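So the protein sequences, as listed, match chains A and B.
Take our numbering: the last position of the first sequence gets the number 120, and nothing is skipped along the way.
Take our numbering: the last position of the second sequence gets the number 573, and nothing is skipped along the way.
These are calculated hints, taken from the structure and not from any lab test.
Be aware that one or more of the hints could be misleading.
To be verified - Straight-line C-alpha distance at most 20 Å; calculated SDA-like pairs for lysine to any residue: (1) B:K529 - A:S87; (2) B:K520 - A:A96; (3) A:K61 - B:K556; (4) B:K323 - B:T143; (5) B:K520 - A:S87.
These numbers were taken from a predicted model, which means no experiment stands behind them.
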Amino acid sequence: MKKILLIEDDLALSLLYEEELKNEGYSIVVAHDADSALELVKKEPFDLIITDIRMPGKDGIELIANVMGLRKDIPIIINTAYQSYKDDFMTWAADAYIIKSSSLDELKAKIKELIGN
Amino acid sequence: MIERYSLQPSNFNPETPKELVILSIIAQSFFQPFSLEDNLLVILTALTAGSGIGFNRAMLFLNDGMKLKAATWLGPRSPEEAEAIWTMLSSPGIGYAEIVAYNRDLVTKMVKDIQPRLKSLVYDLESRALSLPALAAINKEIILVTEAQNEPAVDPNFINFIKVDSFLCLPLVAQDEILGEIVVDKGITHAPIEAKDIELARLCALLAGNYIYTTNLYKKVVEMEKMAALGEMAAFVSHQLRNPIVAIGGFTTQMLSSPCQPERCRRNLNIIQEQVKHLEDIIYKLSHFLKITIRELKPVDARPILLNLVERPDIKLKAAKKTISLKIPENLPLIQCDPVYFEEAVVNLLDNALDVTPDGGKVYLRARPYNDKYVMIIIKDSGPGLDEKSRDKLFSPFYTTKENGTGLGLLFVKRIIDTCNGKLEVQSKPGRGTMFKLYFKIQERG
Chain A
4 MKKILLIEDD
14 LALSLLYEEE
24 LKNEGYSIVV
34 AHDADSALEL
44 VKKEPFDLII
54 TDIRMPGKDG
64 IELIANVMGL
74 RKDIPIIINT
84 AYQSYKDDFM
94 TWAADAYIIK
104 SSSLDELKAK
114 IKELIGN
Chain B
128 MIERYSLQPS
138 NFNPETPKEL
148 VILSIIAQSF
158 FQPFSLEDNL
168 LVILTALTAG
178 SGIGFNRAML
188 FLNDGMKLKA
198 ATWLGPRSPE
208 EAEAIWTMLS
218 SPGIGYAEIV
228 AYNRDLVTKM
238 VKDIQPRLKS
248 LVYDLESRAL
258 SLPALAAINK
268 EIILVTEAQN
278 EPAVDPNFIN
288 FIKVDSFLCL
298 PLVAQDEILG
308 EIVVDKGITH
318 APIEAKDIEL
328 ARLCALLAGN
338 YIYTTNLYKK
348 VVEMEKMAAL
358 GEMAAFVSHQ
368 LRNPIVAIGG
378 FTTQMLSSPC
388 QPERCRRNLN
398 IIQEQVKHLE
408 DIIYKLSHFL
418 KITIRELKPV
428 DARPILLNLV
438 ERPDIKLKAA
448 KKTISLKIPE
458 NLPLIQCDPV
468 YFEEAVVNLL
478 DNALDVTPDG
488 GKVYLRARPY
498 NDKYVMIIIK
508 DSGPGLDEKS
518 RDKLFSPFYT
528 TKENGTGLGL
538 LFVKRIIDTC
548 NGKLEVQSKP
558 GRGTMFKLYF
568 KIQERG
């Protein structure tokens, strides 16, 4: 089973994503901030990282930079409410940039494209 | 040895040349709150006042982008009136403010009889067959017209209007932009327009052009600032609303797409209800935030407000397992603020401080005169403190570390303090708690 690390500080949203993606047959590990996510990346192998950008403490952009330093091979999807970070060159390092939507179809399709079922 | 002189021209001695008096009065506008109408009227007065520059009447045209339109026509109606204005101008102590007041009165009187007729004087600057007076503006040159009746370049309708045979057209130009035109004549004294008159008129026209240019620029900047603020606000709001909306939509889809266990349905509905509450909270705070406009700063006695504040039930409930250490001297000077907003600002910070302070911890609320200009209010928590990065983000809209925070509270506090002309300082280090210092201006007595 493919393992995904999900970083989302909003509790309702992280629950939604976790349930919906588990339904698709993935194993999901949730972190609510960048620091605990990095600890997890150091300890466990992941097939994919999905991260928010605006979070308390370290933001998603810093998280991506740190992950790149640890594990260059993990694909990253940015899932955010903010269109504007698309211009930030650090977000180019991610494999996809998705604007949060109440339909998770785009997110699910992108995950399938990147790591399969 | 040093001698001091005021930058602002004051009384002149009788030998001062009239040209200098006029230019000095115009120069006084640099010290006034900028008003285009007033500044232009002062220039028109300088041009037309009896023994002033020596013209009798001045007509102002403004360029609205496509057309040159007559805006106002100023001047005495008789030689006696002209002399009266000049006598007033030359009397000691008369300056910019007096002329403005006099002019406003004069223009109000004129509006009824002349203004409707002035509206017929409109020249299309794009037109090929352009006549005088508009030709001077388009050519950006001063044109002196004599024997106007015999001059085919002059618009007959214009001659019919001003009913003189000789007039001077002064284009108003700045940064190569055509802003308008002033037409002056000696319709009352019927004296010839001389070279020396033109010299002074040219200076007045240059100043008038610059006034209009500055005003246009200022209007553009204000407009741009408004649009930028609006855009920023719209972006922030739409982002902030997105998270709860995505959650509401997502959990609703979940319930609709598969047979839903009653327990799961109930949980989803609870989440949706919570998210709707959060949305309501955002909207309430946002509208509240936008409403802050303090029209008048009042002297506020901070002490009773601060003492009452810690007795508020909401604060008492939060502080149940914590201590609020209060020290407010009895003779605290009055500050400049609005009592309601002052309380809201402090409550906001105290609320935050109580949130981050662990049970058994202390929150400090202090007030004291800082110097002879400011009273300082301190709110300090015993929370985890902030690193430099979080401290920088504190006042950005929608930045929050709270589970149900809107990220508007501190912005709200800052806005209140700004409107009260106060200052705000934050000191924080990880492990050392966070201290907010608010400085409010002391209300001077009398």
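So, going through the hints one by one against the coordinates:
| no. | hint | in the structure |
| --- | --- | --- |
| 1 | B:K529 - A:S87 | violated (23 Å) |
| 2 | B:K520 - A:A96 | violated (24 Å) |
| 3 | A:K61 - B:K556 | holds (16 Å) |
| 4 | B:K323 - B:T143 | holds (17 Å) |
| 5 | B:K520 - A:S87 | holds (17 Å) |
In this structure, the earlier hints numbered 1, 2 are contradicted, and the remaining ones agree with it.
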